[in-house]
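Asks: Sequence:
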Amino acid sequence: KQDNATVELIIKFKPDEVNDAYQKAYQKAQKKFKLPGFRAGRVPLDLVEKHLGESVVEEALHELVHSALDEIISDLNPQPISVPRFTEVEQIDRAKGATIKGQYDTFPIIKLGKYRKIKVTEDQPVIKDEHIQKELERLQQERATLMTREGAAQMDDYVQVDIQIRRKDTGKNLYKNQNLNVQLGKTATLPGLDEHLVGMQAEEEKEVDLDIDEDFPDAKFAGNTVTARVKVLDCKFASYPELNDEFAKDVGEYENLAALKSKLRDDMDKEARRALKSRSTQEILNAIVEGSKLIVPDSLIQNEVDRRIEQLGQRLGMKKPTLDDLVRISGENRDKLEADLKAGAQKAVYDQLVVSEISKEIKLEVEQSEIEKEVQERFGQMIPPDQMQRFLQNEELLDDVRSRLLFMKSLDWIYANADVRPGREVAYDELQSESSPS
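With my numbering, letter number 345 in the sequence shown gets 345, and the count goes up by one each step, no holes.
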């Protein structure tokens with residue numbers, strides 16, 4: 001037994017076992033063997049053996065290993081979690097016997113450290129009036145209506161234009177578009193173009209020169225002076241509803257604006273506390289994993305790496321992606337990407353193993369009613385009622401839901417049995433910026 005949850009396996013075979021394996025290899029080859037004067041598959045076995053000699057050694061080895069594993073696999077201690085891998089043939093001789101070396105992975109070994117009363121400090125969310133106002137403005141923007149602008153376009157207006165752009169020095173046409181929709185100051189356009197559109201009215205035309213920097217991302221424009229000819233076809237501005245009691249009633253079942261603000265504050269507080277609890281739970285789990293001893297076979301980590309590569313590839317619309325495929329698409333350094341994937345995979349596997357071990361120690365279980373409720377909540381909208389009962393008989397699905405629920409219940413238990421102390425007050429917008437991807 002080795003120190004990485006693998007076991008070295010050495011199998012010795014007697015000469016008669018080796019000879020039997022060779023005979024089976026010759027018999028298998030005999031079925032397709034051809035020799036002048038004989039029909040295919042009818043060549044006598046002694047002639048097959050004479051002509052093939054030691055060339056069937058690979059098939060003989062396969063026969064030896066296959067027969068040996070059938071005989072010993074149930075008696076191996078510790079038990080393997082995967083088929084043993086044989087990497088070295090020390091000897092194979094029909095007169096002396098054979099010795100084959102390999103190894104197999106075993107179940108991980110987990111010795112839990114302290115997992116109760118882990119100390120952690122949890123920040124406390126602060127929801128300010130300005131946070132409520134920002135959310136109200138978002139709801140307000142969702143309900144905006146576009147109104148025709150009578151007069152000159154202003155920044156943030158929505159304009160529709162015909163546009164043609166050419167190089168000033170050569171007159172070469174670089175871009176042409178009709179009925180192009182642009183929000184001034186928001187839509188990515190050529191630098192300086194929006195400022196020229198401000199002040200223009202519907203049906204007005206203008207020709208302007210623009211100096212484009214060398215580092216502009218589109219090479220055909222970069223470093224050139226271009227002439228843009230634009231015609232404004234239409235101009236609209238966003239009209240927002242007034243923030244009052246009527247607005248609150250339009251948003252939902254709210255008596256007045258004060259009730260809407262109260263609900264927003266409550267929802268934002270709950271959202272922030274859920275995020276902070278999740279962060280604290282991960283800190284607690286990190287401490288438990290760090291204080292525990294785990295011996296995990298490399299194959300488990302690699303399986304998780306492969307799963308992540310598959311998952312990332314599917315998001316990018318790829319079938320059977322490889323690490324090299326991800327490197328090519330992402331442009332990342334191969335060694336760094338591989339190291340990041342392995343580190344993330346190891347953490348995920350360690351977390352899962354520790355949580356699973358804790359659930360066994362505290363004898364945590366998931367009731368069938370909990371599983372059925374989760375299935376109803378996750379799939380109820382997609383599965384017709386008359387098919388739900390058959391859906392609930394899918395054992396693979398139920399096992400997946402059971403594992404997920406057990407993991408979540410275990411995390412809740414870990415948090416509930418930790419020493420969680422209130423920390424600093426943190427503004428809601430600060431929490432949002434911390435959770436946003438960089």
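If you're looking for bench data, these hints aren't it; they were derived computationally from the structure.
It is possible that part of the hints are untrue.
Stated by the list, open to error - Straight-line Cα separation of at most 30 Å, DSBU-like style, residue types lysine-lysine; simulated pairs:
1. Lys186 / Lys172
2. Lys270 / Lys50
3. Lys111 / Lys342
4. Lys34 / Lys50
5. Lys111 / Lys277
6. Lys34 / Lys24
7. Lys263 / Lys117
Asks: Give a verdict on every hint.
Replies: Hint by hint, here is what the structure shows:
1. Distance restraint check for Lys186 and Lys172: the Cα-Cα separation of roughly 28 Å lies within the 30 Å cut-off, and the hinted pair is therefore satisfied.
2. Annotation: proposed proximity of Lys270 to Lys50 is violated, straight-line Cα distance about 81 Å (limit 30 Å).
3. At most 30 Å may separate the alpha-carbon atoms for a hinted pair to count; Lys111 and Lys342 meet this at roughly 22 Å.
4. The straight-line distance between the Cα atoms of Lys34 and Lys50 is roughly 13 Å, inside the 30 Å bound, and the hint therefore holds.
5. Restraint check: the Cα-Cα separation between Lys111 and Lys277 comes to about 26 Å, which is no more than 30 Å; the hinted pair holds.
6. Taken as a hint, the Lys34 and Lys24 pair is honoured in the structure, with Cα atoms around 18 Å apart against an allowance of 30 Å.
7. For the suggested pair Lys263 and Lys117, the alpha carbons sit about 34 Å apart, so the restraint of at most 30 Å is broken.
Comparing the model with each numbered hint stated earlier shows that hints 2, 7 do not hold.
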